[in-house]
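K.L.:
In case you want the letters, here they are:
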Amino acid sequence: MLGAVINLAYLLGALAFVLGLRRLSSPDTAKRGNRLAAIGMGIAIVATLLTPGGNGTLIWILSAMLIGALIGWRAATKVEMTAMPQLVSIFNGLGGASAVVLGGLELYRIVGGAQSVSTNEILILLLTLFIGGVAFTGSILAYLKLDGKVWDETITLPRHSLINGIFLLGLVAFMAYLCLFPAQLTTGVLVLFTVLTLIYGLSFVAPIGGADMPVVISLLNSFTGLSAAAAGLIYGNQIMLVGGILVGASGTILTVLMCNAMNRSLFNVLIGGFSASGGASKTASGDQNVIEVGLSDLAIQMYYSKKVMVVPGYGLAVAQAQKACKELDELLEANQVEVKYAIHPVAGRMPGHMNVLLAEVDIPYNKLLDLEEANAEFKDTDVVIVVGANDVVNPSAEDDPGSSIYGMPVLQVWNAKQVIVLKRSMRPGYAGIQNPLFFHEKTKMLFGDAKDSLQKLVSEVKNQ
Amino acid sequence: MDQLIAFFNEHLLMLYLLLFTIILGFEIIAKVPTVLHTPLMSGANAISGVVIIGGILLVKQAAADDWLLLAGGSIAIVLGMINVVGGFAVTDRMLDMFKKKKS
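Respectively, the protein sequence lines represent chains A and B. Residue numbering for the first sequence follows the numbering used here, beginning at 1 and increasing consecutively. Residue numbering for the second sequence follows the numbering used here, beginning at 465 and increasing consecutively.
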């Protein structure tokens, strides 16, 4: 009887995952979808707790759950919204770490001879350990990179993609060897394999930088799902399998969608693509002049235009400038200036990053235009304000075959009557290439911190 | 090889489940608007914390004096629980923002 109840609970949990993910795909139902998935997880956990046996160890389980829940809740409710991508990355890493511990312990039991075991089980456990391990250290490195704690830029050894390829082949061979000769699996070998796996995770993410981080996080997310699914196979647990595979599949699709938005292949992203090319670009001539704009001139210009388009980028998130942006928006709207936002699919550090930030300050949905909509509207736009974006407005992507971002769809801001670029300095964007937009005849620059500049602009507009 | 065939026969239903779930995962995600990519990734990330179930099962199977399994399994549970609770909570917070602007 109890067994049937538990199985039914798992079935309901799996159903909640599927329906929850489905509802997460539409703005109207997303919140309910997330809660439904959370309820499904709750049901699955309670059902597992009710599984017969091991009542003496229940205190360990419950205290561990309490500690984890408290830490998770605190981190999720305290963090700034701009630091969200990092947080998702670190959560994902911890999930991977959990799979590593599980796989490692189960393999250790095999070493100890506690149970007889088949080749398939060893293979699945090694895969759990391997995939989870890559997700773990990869996500942690992604977190550190996004948070600017270690290397802001990409880190590469000479021929890094080749090294990674050989490394991966080596690990696969290692796994095959252990499957064929299970007797060779000693504690020392297990530790060695784990350490190599963790190092590979770091090496896997090392050459990937800045704008490509969302792609990697999404990919690592699907890895964590796959390792959970592999662990599910070991325990013969359907909900682990269904949940893990759902995440594995959805993460893969999401990864591909993100790559498509940048017009790049996943392979290209993974080898740290940008650094490889771009030498022959024609933007090499260094002595071009940029024109700076005065604050009051700009304020007047904006105040009397019909339509202003804001192009937000990572700089907006870093400077926490979304509030100032909203203020400017309200002042302009009060004077019948139409204000819209052009959102490039890969602006910021995660897809939808900009949407979330702008939503945080109550900027209405219908003001946010996607790439195609925005490009259709630039022609009738009087002023475009680029706030901390760079590569997504680079005309080289359209007219310079030598450029490393050639072919990536960009926002054609230069079709507007005037472009103002708010930027800290002339430093190139993530792609590390010069942006001819800054030297364009229609472009004027406003140097400084995005928030600072926008706030000054707000007070100037107020004076009109 | 014999072992593989045995595995295949033994786990046939599991393999069906695997196959259909993969297809389901692809189909669900293919229709998502870009704005929801971040919350979706975050929500999916929370679901991947389902690995915590394995941690609970492991500790349940452990003998009361097997400190390594108890401690290790508990660590797996703590990590998984952070992933689950943190993941769902942060997704909820993200989606709150979408809600506000609709009204």
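Simulated from the structure, these hints should not be mistaken for lab results. It is possible that some hints are incorrect.
[Said to hold, decoys possible] Covered by chain A, according to a simulated footprint, are these stretches of chain B (three or more residues, beta-carbon under 8 Å):
#1 466-479
#2 484-490
#3 499-509
#4 514-528
#5 540-550
#6 553-561
Note that beta-carbon positions come from the ideal geometry of N, C-alpha and C, so glycine has one too.
K.L.:
Which constraints among the numbered hints does this structure fail? Numbers only, ascending.
P.N.:
none
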